[in-house]
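Colleague: Please put together the full structure from these sequences, using the hints given.
Residue numbers (the working numbering), protein chains in the order written: chain W, 1 to 791; chain C, 1001 to 1354.
For the record, the hints were derived by calculation from the structure and aren't laboratory data.
Mixed in with the good hints, there may be bad ones.
To be verified - Chain C side only, calculated, beta carbon under 8 Å to chain W, not exhaustive:
id: 1; residue: Gln1138
id: 2; residue: Leu1296
id: 3; residue: Gly1297
Where is the CB? At the ideal position from N, CA and C, for every residue including glycine.
Here is what each chain is made of, one letter per residue.
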Amino acid sequence: MTERGPIAAVENFIFGRRPLVIAFFVIATALMLFSAVTRLAIDAGFDKMVPMKHDYMRTYSEHRQEFGGANRVLIALVADEEDIFTGTFFEALRVATDEVFFITGVDRAAVQSLWTPNVRYTEVVEDGVQGGPVIPSDYSPDAIGLAKVRENVLKAGVVGRLVANDFSAAIISAQLLETNPETGKELDLVRVSHDLDDKVRARILEDPEFAGIEVNIIGFAKVVGDISDGTSRVLLFFLVAALITAVLVYLYCQSIKITLIPLFCSLIAVIWQLGSLTLLGYGIDPMGILVPFLVFAIGVSHGVQMISSVGSELISGASCRDAAQRSFRRLLVPGGIALASDTIGFITILLIPVRVIQEMAITASLGVAAIILTNLILLPVLISYLDLGDDYRARLRQRSERLRGNWSRLAGITDRKPAAIMLAIAAILFVFGYWKGSEVKIGDIHKGVPELRAESTYNLDSASITDRFSIGVDIITIIVETPSQGCIQYEVMNAIDEFSWHMRNVEGVQGVVALPMISKIINTGWNEGNLKWRVLSRNEAILVQSVAYVETSTGLLNRDCDVMPVMMFTSDHKAETIENIIAEFKAYVVANPTDGVSIRLANDDDDVKFRLATGNVGVMAATNEEVSAAQFPILMGVFAAIILLCWATFRSVRAVLCIVVPLGLVSLLAYALMAFLEIGLKVNTLPVVALGVGVGVDYGIYIFSRLQEYLRRGETLHAAFLETLSVTGNGVVFTAVTLGIGVATWIFSPLKFQADMGILLTFMFLVNMLGAIFLLPAMAAWLFPENRRES
Amino acid sequence: MKSALFIYTMVVSACLCAFSAALAKDEPAFGDRWSEPARLASQDLLLSIDGVSGGLVVVGARGHILFSGDQGVAWTQSSVPTRATLTGVDFVTLDIGWAVGHDSIILHTDDGGETWSLQNHDPAAETPFLDVWFADEQNGLAIGAYGLMLATSDGGENWQQVLFAPETEAGPADDEDEEDEEGAWWESESESGGDFHLNDIMETRDRHLFIAAEAGNIYRSDDLGASWLTVSPDYQGSFFGVVEAGVGRVIAVGLRGHLYYTDDLGVNWVSVELPTEATLNSGIRLIDGTILVTGLGGAVLVSQDNGESFELHTQENRKGVQTALQLDDGSVMLVGEAGIGMLKLGVAEGRNDD
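Modeller: Set out below in structure tokens:
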């Protein structure tokens, strides 16, 4: 069979120089492997995970030197008895405090617990103020000593902060340094996290003397540590998924040699992807670690199409070389188009201005582009060298006969009535998907650190601590920039105070901490504790007195006291909560522009400026805004690209409809699934929707291109679809199931976002397949009535 | 009667007034800063409560004034022409009352607290009022920091600064002589140390006035504020509240759990040992004669024996309780750091006579 045209030219070029082609791949792969092995590093920088160009994040970066350093770790010891006032508990607290003190990277002067000398009580007495350490130097672990401590705890005002509100627990608070004092390098937070577990948690939990005392640890360092630990387990999931895939491919193609070729080619694509990652100067981050698997999966998917095609050629008696060459010819265009749409799907993700996501978009598109070379060119070339005997052909034929019965039943869907039923079902699903899908929430829905599972140790610890103490873990910080020495100017302090109070009243804000409040409390102290003096003094000298003792380490002011953060503790970090607070903030700033004292956003140097926002919730607010802004452009981009490519390939509006409508339905259903499973639309899940569409289109393109080929030969739709199914259908169904199973293992990942992605990708792989083999032919039945079988 | 109380002293002292600017009735610079309606106003710092004929009014931080016509079931926040912290409120009828506070604010209402007009305002003086008392619809006193005292005899239309200079010797009330008193007043001015914070003012059933003041000072007036005597017990810490107990007994409470009572209008004081060292802010006498004293850290002291001994009932939130008021149904409403709350009496933590 000789054909003319560009494809034939490419075919002849490649198959005429097979050794050269193989040599090219060997060299390229060696280079990429070298690059990947020597320079690949795990890179989980905080900056990469957030939209740094967002306004809020700019505020954050401008002030991080002064306030970003507040990297605190809280270790709570929870008493097993009624309260903490037992000798054993205080001994445990002392031991734990000592352990924390000696962890590398802990700022020793700033460690606080009931045992540290910097935690003191003060009380107003007749001739002034007196005070002392909460645990006196003559402390004895008996009833008298503990009663004294209880009294001092109340006087020290540490209830809610260092001691639980119900006295059931006590906290050790530690501030982390920026650099490791031993090496002078940036502090390794993962190591701090491990030290906290190994030295503090284990020390208390494993000591029989302290039996019953529980340990809860929270803090940014612990989050980083736990995510990093989870990330290393991602590799395990990768291996499990790859193994399952290999076994299934073998079961499918019944030949170890043929099994190995698509796996091997897909692995080469992964190597290229990792190599290009390092060539571009990127590292692997917790999110990006999923990309290699995705590339592998897509590679296998296309590889299976290729071996299915080869198999059907072999059945009809062709030699391996002819089978490979014909398959190449047949699949280069649809495969190329499918992969091109995947690539474009990935590239649209670039619209989310978060660096991890953008890197993921670039590396994933590079990986998919590599698949075009490895699986559409190298794979058939390698197969052409195989020599498969007649018994293999027989086995394939047998399997093909077995399946044909199923396919012929399925092909019935192209008849008028089943097609109508199918379309009706699709219409109902559309309505359902639209209704339920519109309930999808942007951002995080659940409590706790969103990267980790709700039932992870960290999130349980966090819930335990926020329950017992007056400590919020969800914080939005507003940065107030004021004229120099703003903290001793009544107008400035009052403006901040009024703003704080206004925000305190916003639904979803559980507490606000800002310098003016502290100043008022100190002023009360200077007035014998009389609540009637809990005010900001208009007198500068008195105001100075009321802020002089507030240290910059509180994070409430900077050294020049012209920047004062207002920390708002939110009830949760759901997107609605955040949106509401941000909207109130913006409205307040607009409504109070020149009111009495000037609170303006103008660049006037004399004015007080309120700027959003830092704190974990501030970061989420910024991210949510970016996600919601990127959502529609991304989907529009993906679908526009697919529509364009499909039209360019098939030159038929009907073809485009047949392929795109099922895809659209599945995307809509994916939204509905997210709403149903309470998975928020966020940085981690938005790409999945785009990726899923890109992957799903493969099925449609493969099936339709084959269908069109048979239709052009003048066959009825029923016959054409039956033929299509017996050649391509096996591959499509098989691929979907294989990838679905592989990705489904992610659901057991300790990382929440990986689990979420696992659920969504499994859904996308499987349901897109169903769309391609049920809805696509049903649509074709109505769009190509001239080809319908007479019934 | 009321004119007799004030005539000369008011006029003279007004001349000495360093606050003349404060008397200007113009809308002050900050007068357009009306209080902000706030969802959580009833949970903000609230400092004083008064109830007459079933109406309740509470004042506190940021110019919050809340009033209730149904014994505190529902509260309405008034629109108030200031955001200064208000420290005291006094009503003479259901409708007519005054509130005072920082920035030398005096506010007046004649509709039960719904709307308020500014009668005095002087932020520049940096002197807060700490309490207010009215004898009737015309005559009243506002007291505050550094011996600040303003008086009115026309319902607040005009407020005059009074030079607060109490006589140091305590004597029987009926020995007072109006003419002598005025002379003594002048003489004692320099040595009186009259710039102490005047924290709380209270009128007894026999129409004696008591003021609890800074640095262990208690002052008494037997002529409704025209003249004052120092009747302090021997204690140097500040007093923040005075309350009338039964049978002519007056109790003063203050710093670090100090509580004294007198049965002879301040001539002799008896110190009562308390089961707390919390600073005490004020006290009230309930209908059944129970004495209730409130303080910082959630301290509420209860006496069933007219103030001889007290039980401590620390409120669970441990927030400072500024003052209390008994409602019509006998329950007790508290106001303070945590806003408005109801008294909860659990098991007493200790008695002074244990």
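Colleague: Taking the hints in turn, state whether each one holds.
Modeller: Each hint, compared with the structure:
| no. | hint | result |
| --- | --- | --- |
| 1 | Gln1138 | violated (26 Å) |
| 2 | Leu1296 | holds (6 Å) |
| 3 | Gly1297 | holds (7 Å) |
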